[in-house]
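Visitor: Spelled out from the first residue to the last, the chains are:
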Amino acid sequence: MALTLKLNGQSHSVEAEPGTPLLWVIRDELKLTGTKFGCGVASCGACTVHLNGEPVRSCQTYIEDVEDAEITTIEVMDQDKIGAAVQQAWIELDVVQCGYCQSGQIMNAVGLLRENAKPTAEEVDEYMYGNACRCATYQRIRAGVLRASEILEA
Amino acid sequence: MNTKLSRRGFLKTAAAAGAVLYVGTNANGAMAASSSSDAMLNPFVKIDSNGNVVAIVKHFEKGQGPATGLTSLIAEELGVRMDQIDYEFAPSDPNVYNNTLFGPFQGTGGSTAVSNSWVQYRTAGAGAREVLIRAAAEAWGVETTALDIQGGVISGSSNSAPLGEFVAAASALAPSESPRLRDPSEWKIIGNEATRRKDSPIKVNGTAKFAMDVQLENQMVVMVKRTPQQGGKVIGFDDTGSKDVKGFTMAQTLPTKHGVAVYAENTWAAMQAREALNVDWDMSAAETRSSQEIRDEILAALDNAPVYNVNKADQSAVTAAVEGAATIVEKTFYFPLLAHAPMEPLNCTIEQTADGDIVLHDGAQMPTGPHMAYQQIFGLPGEKIHIKTMLAGGSFGRRATPDADYQVEAALAFSMTDRSRPVKLVWDREDDIRGGYYRPAVGHKVRVGMDADGKIVGWEHQVAGQSIMKGTAFEAFAVRDGVDHSTVEGVTENPYIIPSMAIGLTDTEKATSVLWWRSVGHTHTGYVMEVMMDMAAKAAGIDPVVFRLAYLASGKDQQRKAAVLRLAAEKGNWGKPADGNVQGIAVHKSFGSYVAEVVEISGNLDDGIQIEKVTAAVDCGIAVNPDVIKAQVEGGIGYGIGHAMRDQITLDQGSVEQSNFPDYEPLRISDIKSIETHIISSTEAPTGIGEPGTPPSAPALANAIAQLDLRVSELPMNENGVAFA
Numbered sequence: 001m002a003l004t005l006k007l008n009g010q011s012h013s014v015e016a017e018p019g020t021p022l023l024w025v026i027r028d029e030l031k032l033t034g035t036k037f038g039c040g041v042a043s044c045g046a047c048t049v050h051l052n053g054e055p056v057r058s059c060q061t062y063i064e065d066v067e068d069a070e071i072t073t074i075e076v077m078d079q080d081k082i083g084a085a086v087q088q089a090w091i092e093l094d095v096v097q098c099g100y101c102q103s104g105q106i107m108n109a110v111g112l113l114r115e116n117a118k119p120t121a122e123e124v125d126e127y128m129y130g131n132a133c134r135c136a137t138y139q140r141i142r143a144g145v146l147r148a149s150e151i152l153e154a
Numbered sequence: 001m002n003t004k005l006s007r008r009g010f011l012k013t014a015a016a017a018g019a020v021l022y023v024g025t026n027a028n029g030a031m032a033a034s035s036s037s038d039a040m041l042n043p044f045v046k047i048d049s050n051g052n053v054v055a056i057v058k059h060f061e062k063g064q065g066p067a068t069g070l071t072s073l074i075a076e077e078l079g080v081r082m083d084q085i086d087y088e089f090a091p092s093d094p095n096v097y098n099n100t101l102f103g104p105f106q107g108t109g110g111s112t113a114v115s116n117s118w119v120q121y122r123t124a125g126a127g128a129r130e131v132l133i134r135a136a137a138e139a140w141g142v143e144t145t146a147l148d149i150q151g152g153v154i155s156g157s158s159n160s161a162p163l164g165e166f167v168a169a170a171s172a173l174a175p176s177e178s179p180r181l182r183d184p185s186e187w188k189i190i191g192n193e194a195t196r197r198k199d200s201p202i203k204v205n206g207t208a209k210f211a212m213d214v215q216l217e218n219q220m221v222v223m224v225k226r227t228p229q230q231g232g233k234v235i236g237f238d239d240t241g242s243k244d245v246k247g248f249t250m251a252q253t254l255p256t257k258h259g260v261a262v263y264a265e266n267t268w269a270a271m272q273a274r275e276a277l278n279v280d281w282d283m284s285a286a287e288t289r290s291s292q293e294i295r296d297e298i299l300a301a302l303d304n305a306p307v308y309n310v311n312k313a314d315q316s317a318v319t320a321a322v323e324g325a326a327t328i329v330e331k332t333f334y335f336p337l338l339a340h341a342p343m344e345p346l347n348c349t350i351e352q353t354a355d356g357d358i359v360l361h362d363g364a365q366m367p368t369g370p371h372m373a374y375q376q377i378f379g380l381p382g383e384k385i386h387i388k389t390m391l392a393g394g395s396f397g398r399r400a401t402p403d404a405d406y407q408v409e410a411a412l413a414f415s416m417t418d419r420s421r422p423v424k425l426v427w428d429r430e431d432d433i434r435g436g437y438y439r440p441a442v443g444h445k446v447r448v449g450m451d452a453d454g455k456i457v458g459w460e461h462q463v464a465g466q467s468i469m470k471g472t473a474f475e476a477f478a479v480r481d482g483v484d485h486s487t488v489e490g491v492t493e494n495p496y497i498i499p500s501m502a503i504g505l506t507d508t509e510k511a512t513s514v515l516w517w518r519s520v521g522h523t524h525t526g527y528v529m530e531v532m533m534d535m536a537a538k539a540a541g542i543d544p545v546v547f548r549l550a551y552l553a554s555g556k557d558q559q560r561k562a563a564v565l566r567l568a569a570e571k572g573n574w575g576k577p578a579d580g581n582v583q584g585i586a587v588h589k590s591f592g593s594y595v596a597e598v599v600e601i602s603g604n605l606d607d608g609i610q611i612e613k614v615t616a617a618v619d620c621g622i623a624v625n626p627d628v629i630k631a632q633v634e635g636g637i638g639y640g641i642g643h644a645m646r647d648q649i650t651l652d653q654g655s656v657e658q659s660n661f662p663d664y665e666p667l668r669i670s671d672i673k674s675i676e677t678h679i680i681s682s683t684e685a686p687t688g689i690g691e692p693g694t695p696p697s698a699p700a701l702a703n704a705i706a707q708l709d710l711r712v713s714e715l716p717m718n719e720n721g722v723a724f725a
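Same order as they appear, the protein sequences are chains A and B. Under the working numbering, think of the first position of the first sequence as 1, with each following residue one higher. Under the working numbering, think of the first position of the second sequence as 1, with each following residue one higher.
Same shape as in the complex, but just chain A (with noise of 0.2 Å):
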């Protein structure tokens, strides 16, 4: 079927047959490659996308559910003041190693500072859950988050 996303603030007309999860739409039909195929289950958040500003897996999410919602990917990030102030934290603090993850755990983050502009640590641990790293990057995540909140507050 033909249909028309909103993504990155533009339009595109793609085709793909419904049910066909919004991930390899992103990936394979738009070529963006920013958001990671990790798990195909919704258990590890490398593909977490924004639908409407609000993080979901895109994995789980169907081409024929998204076409009035307005997408938004890793890509973009450094244009919202939230997703600029997560990579500024991510840099600062090198949180990456292999970094496969970080586009879906940044992602998450902008989800959670949107929410709660002061989170907790426990506040952080328990909205990044769902974000796993093998290279257990978490201790940084942990902290970029915090350094990001207080690079927003300043």
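Hints were generated in silico from the structure; no laboratory data involved. Computed from a prediction, not measured in an experiment: that's the story for all the values here. For glycine and all other residues, C-beta sits at the position ideal for the given N, C-alpha and C. The reader is advised that the hints may include incorrect statements.
[Claimed, not checked] The calculated BS3-like cross-link candidates involving lysine-lysine, where the alpha carbons are at most 27 Å apart (straight line), are: (1) K556(B) - K571(B); (2) K6(A) - K246(B); (3) K455(B) - K556(B); (4) K388(B) - K31(A); (5) K118(A) - K673(B); (6) K470(B) - K571(B); (7) K470(B) - K538(B); (8) K331(B) - K312(B); (9) K312(B) - K613(B); (10) K455(B) - K538(B); (11) K31(A) - K6(A); (12) K470(B) - K233(B); (13) K538(B) - K331(B); (14) K331(B) - K510(B); (15) K455(B) - K6(A); (16) K388(B) - K209(B); (17) K470(B) - K31(A); (18) K81(A) - K613(B); (19) K331(B) - K388(B); (20) K233(B) - K576(B); (21) K538(B) - K576(B); (22) K233(B) - K243(B); (23) K510(B) - K31(A); (24) K31(A) - K673(B); (25) K246(B) - K257(B); (26) K613(B) - K118(A); (27) K209(B) - K384(B).
[Said to hold, decoys possible] Going by beta-carbon spacing under 8 Å, a handful of chain B positions derived as facing chain A: (28) K203; (29) K455; (30) K538; (31) G635; (32) G642; (33) R646.
Use these hints to put chain B onto chain A, whose structure you have.
Guide: Just chain B now, with coordinates in the frame of chain A:
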């Protein structure tokens, strides 16, 4: 990869095309400089006349930091800041880019990226500095000793110029065989905690390109339906259902018959078409055992005399010493199969050029492996095969198999096409968890005899498990007198000075394909040694730190191990946990580095425990990038503890029971509340850091749990009496 640098470089290149200085080794292996990449086929550093400096990094980047580390070594010696140097991954060329500890083989492993490059990359940077300075000295009519390069500027004797100005002249000069390396007092980058990773900016904005992100024009995606039991063979398949999937191209049985390759226009179509494919399997030669049988075989082996007397001990004398002791502390341990599960599922892409060359795009951990395999598969000489190393989304050992398993699978799938379209092989998470290559299941049985004063008088140690190295190309490297060193490393060569020790080994039958897994044998030997030391200390009624130090009293190796133990104890408030908490400690040497860790936990066995804090101390020689070292220790701790808490791969009649993260649950952010790492200042040459943080982590946790009166000797912990909050 540094956006600012590239943009500036582009503007200047447009204004003035110029010479390029390449510094690396020539055909004879000597350090050489050149103005042409042809004469200097594969350099370690290249500098253009605009002053753009690029380090050629011979190790792949899976997060462990060589893109930063090797670049730091070049930058330090040359005299540029980290923001003035870019990096590229080296092509496959084992003559130039071999791991100097592996012989003529290009590859990353054994935590050697910095240690094997330490002299080589500094020498290349120093060689570049030397020829640039000589060119400038000649032009200015001054002594070379009056000049230095700092911040990319050559200066001295009232002269000053950006290094790019002398690139053309320098490229005609040959650097001396051993250019002067900077004195440590001159270092600005090495040892500087403020040095940032080179790959952070691209990894926070989605522009970093992993192999999974390769999107070649007109490529097909291939997924393989593999045998559910190792050793199964395809008889035939029915792709009627696959043909209903839009984007399905074809299905073909792989020549190895271990699976059917499903070709499609995109990844989702490949997934669906594979799902719809029906395969008939011949399971007559397939593995049919279950984990329980494998466990029974390993534990039974421990009850018999070992096949190999690893340390050539007088076994009966050791047995007599143990059995004659006042106290015997004994324990049998069992460790399950473990998957690596790197975040980026395995994949690679192959294309054929117009010239008939083959190009592999891969997060290549051991480029020489697929390079050699491809010469056979495609019948091409080595120079017609090219490997483009992409960023790798983790590995933990999985991307380096002795048989180049997934790269060969991709090549076989590609060779069954007309080669007009690139083929991208994609594994999904289920393929990864079920696709073989695990940390072997291993058992240990230890008896420690202690005298009335609580001193160890004998240590009898048996190990049984499936050999990783036997039957592979690495056998000659790792197997001596029948002993696969990787099964016993960490029991052998342990710095503890233990009187009367016998180490025995028995290989058990092949149960599945096995592989090195972050820290290899130390994953289990570190656990056993450190839990036994803890049990012995308790039996002696002596503090576990004090007890260990008695066996590290003299010798440099011992003192380095003792120093990290003392530092971790001090920084981790050993003996003074917060109210209601308990602590455990462990220390282990692996890959030349020493790491001690204190784990502090809260809670109890009924309601569940919580890891509050891990305090680590590390001695890995000179700390090239201290913050990268800390990150590796943090990650190594998480990897070790996460799997010990709740992960195992089990077989049910030959089939892997786990399939994805819900049943191979990764460490999560809330599992460890905080980690603190302290680095010992050292003047020793750098040693490993990617792996050494892992071995002490699980035993330190186990020793903390033992304070709650539960001694965990079989993993994972959650299947053996430990609940986590």
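Visitor: Look at each hint and say if it fits the structure.
Guide: A quick look at each hint next to the structure:
| no. | hint | verdict |
| --- | --- | --- |
| 1 | K556(B) - K571(B) | 22 Å, holds |
| 2 | K6(A) - K246(B) | 24 Å, holds |
| 3 | K455(B) - K556(B) | 22 Å, holds |
| 4 | K388(B) - K31(A) | 20 Å, holds |
| 5 | K118(A) - K673(B) | 18 Å, holds |
| 6 | K470(B) - K571(B) | 42 Å, violated |
| 7 | K470(B) - K538(B) | 38 Å, violated |
| 8 | K331(B) - K312(B) | 23 Å, holds |
| 9 | K312(B) - K613(B) | 41 Å, violated |
| 10 | K455(B) - K538(B) | 12 Å, holds |
| 11 | K31(A) - K6(A) | 15 Å, holds |
| 12 | K470(B) - K233(B) | 24 Å, holds |
| 13 | K538(B) - K331(B) | 14 Å, holds |
| 14 | K331(B) - K510(B) | 25 Å, holds |
| 15 | K455(B) - K6(A) | 72 Å, violated |
| 16 | K388(B) - K209(B) | 12 Å, holds |
| 17 | K470(B) - K31(A) | 43 Å, violated |
| 18 | K81(A) - K613(B) | 33 Å, violated |
| 19 | K331(B) - K388(B) | 49 Å, violated |
| 20 | K233(B) - K576(B) | 59 Å, violated |
| 21 | K538(B) - K576(B) | 17 Å, holds |
| 22 | K233(B) - K243(B) | 23 Å, holds |
| 23 | K510(B) - K31(A) | 43 Å, violated |
| 24 | K31(A) - K673(B) | 37 Å, violated |
| 25 | K246(B) - K257(B) | 26 Å, holds |
| 26 | K613(B) - K118(A) | 23 Å, holds |
| 27 | K209(B) - K384(B) | 24 Å, holds |
| 28 | K203 | 3 Å, holds |
| 29 | K455 | 38 Å, violated |
| 30 | K538 | 30 Å, violated |
| 31 | G635 | 5 Å, holds |
| 32 | G642 | 7 Å, holds |
| 33 | R646 | 13 Å, violated |
Hints 6, 7, 9, 15, 17, 18, 19, 20, 23, 24, 29, 30 and 33, counting from the list given before, are not met by this structure.
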